[in-house]
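Novice: Working from the sequences, and respecting the hints, build out all of it.
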Amino acid sequence: MTTVAIVGAGIGGVYLAAHLGQLGAKLRLADRDDSRLGDIRARRGLDVEAGGKTIFAAVERVTTDLAAAVEGADVIAVCTGGTFQEGVARGLAPLLHDGQTILLIQGNTGGALTFCRVLDQAGCQAKADIAEMDNYPYSCWRVSPTHIKPIVSKKGLQIAAFPGNRGDAVFAKLGPLFPGAVARPTIAWTGFMNANAMLHVANCVANAGKIDRGEGYKFYAEGVTPAVARLYQAINAERVAVAAALGAEVPTLEDWFERTYGVRGATLSETCQLLTSNSDGPYQATGTPKSWDHKYIAEDVPVGLMPMRALGEAAGVATPAIDAVIKLAQTLAGSDFAADARTLDRMGLGGMDAGQVRRTLTEGFR
Numbered sequence: 028m029t030t031v032a033i034v035g036a037g038i039g040g041v042y043l044a045a046h047l048g049q050l051g052a053k054l055r056l057a058d059r060d061d062s063r064l065g066d067i068r069a070r071r072g073l074d075v076e077a078g079g080k081t082i083f084a085a086v087e088r089v090t091t092d093l094a095a096a097v098e099g100a101d102v103i104a105v106c107t108g109g110t111f112q113e114g115v116a117r118g119l120a121p122l123l124h125d126g127q128t129i130l131l132i133q134g135n136t137g138g139a140l141t142f143c144r145v146l147d148q149a150g151c152q153a154k155a156d157i158a159e160m161d162n163y164p165y166s167c168w169r170v171s172p173t174h175i176k177p178i179v180s181k182k183g184l185q186i187a188a189f190p191g192n193r194g195d196a197v198f199a200k201l202g203p204l205f206p207g208a209v210a211r212p213t214i215a216w217t218g219f220m221n222a223n224a225m226l227h228v229a230n231c232v233a234n235a236g237k238i239d240r241g242e243g244y245k246f247y248a249e250g251v252t253p254a255v256a257r258l259y260q261a262i263n264a265e266r267v268a269v270a271a272a273l274g275a276e277v278p279t280l281e282d283w284f285e286r287t288y289g290v291r292g293a294t295l296s297e298t299c300q301l302l303t304s305n306s307d308g309p310y311q312a313t314g315t316p317k318s319w320d321h322k323y324i325a326e327d328v329p330v331g332l333m334p335m336r337a338l339g340e341a342a343g344v345a346t347p348a349i350d351a352v353i354k355l356a357q358t359l360a361g362s363d364f365a366a367d368a369r370t371l372d373r374m375g376l377g378g379m380d381a382g383q384v385r386r387t388l389t390e391g392f393r
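Under our numbering, residues 28 to 393 are what the sequence shown spells out, in order.
Accuracy of the hints is not assured; some may be wrong.
[To be verified] Simulated pairs of lysine to aspartate or glutamate, EDC-like, Cα-Cα distance not exceeding 16 Å:
hint	residue 1	residue 2
1	Lys176	Asp101
2	Lys317	Glu242
3	Lys237	Asp320
4	Lys154	Asp125
5	Lys53	Asp101
6	Lys322	Asp363
7	Lys322	Asp367
8	Lys245	Glu297
9	Lys237	Glu249
10	Lys200	Glu249
11	Lys200	Asp156
What the hints contain is simulated information worked out from the structure, not anything from laboratory work.
No experiment lies behind these values; they were computed from the predicted model shown.
Specialist: Right, here's the structure in full:
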């Protein structure tokens, strides 16, 4: 059995534990906030509805002690959200051992690059692999703190290693944990399929009045009007173009919805309505942001859209629509997000052109 330490006991980490527990992985769950852990520790795991019955997913170690969680783990899955990944890297640097694999779920954009740079700066000597997944794998209802009811598992999840030449070895370890996932050559594929950056920020900017008034609205079914869908398509066209310049083929948003969920309406806004209203719609559980410090802005701008723009600059691809959404989000939130923004320097790519970036993604830092 693979031993997996999950760092981060938010929704993503708990859903991951539910999935991996059903597969028989030996699990540890860590979070610095013990209030997230008490119920799972007392239950010693999670109850997961699957196939008309309830399966118990055991978690053998639930702790605020990061060292205790990762000691002897084969895989360390970081599910903290992108703006916390640098802090996790600093915490892990003295704890890692040769042969361990770190998986960022999700890497957002440039996550593995940033994580690697922080480990190096912290003096980490362990020969550990770093990989990332393009999106969170599941949509679920959390019926209670220890009871999970899955809605849908995403199809066609992508996993890539940094550097890309470690991809085969990494996927041999991670592939069995995520049946149906596919290996990709470099993290350009996973980073530019960061759907959160595409879906969240533009929606919030376009519905700024509702957020300021604290109005609840169906984030996709009501928030993605035909006009907002046109904004989605504009920023997505730029995302696809930058990815191509860096050697990655990523689907349009419409194609991604169809591939991942099997849903495609006559228009993009209709697709978003179906993803909310269908009985198995993955977005029926999506909450509405109540303020501008919500992760849909505070995370997806600095570690999603901003590194996409930065990589576009390196690749010589203009991103005027993405630039506009970033500027509006900064203005509305009253923040430039500089503390968390993934710049080229922060990703270790400062001064590189498109060819140099492509080589680095494959071969690593020299």
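Novice: Determine for every hint whether it applies to the structure shown.
Specialist: Tested hints:
1. Lys176 with Asp101: violated, 27 Å
2. Lys317 with Glu242: holds, 7 Å
3. Lys237 with Asp320: Roughly 15 Å between the alpha carbons, so the hint for Lys237 and Asp320 holds.
4. Lys154 with Asp125: holds, 4 Å
5. Lys53 with Asp101: holds, 10 Å
6. Lys322 with Asp363: holds, 15 Å
7. Lys322 with Asp367: holds, 12 Å
8. Lys245 with Glu297: holds, 13 Å
9. Lys237 with Glu249: The hint holds at about 11 Å.
10. Lys200 with Glu249: It is violated: about 41 Å lies between the C-alpha atoms, which goes past 16 Å.
11. Lys200 with Asp156: holds, 11 Å
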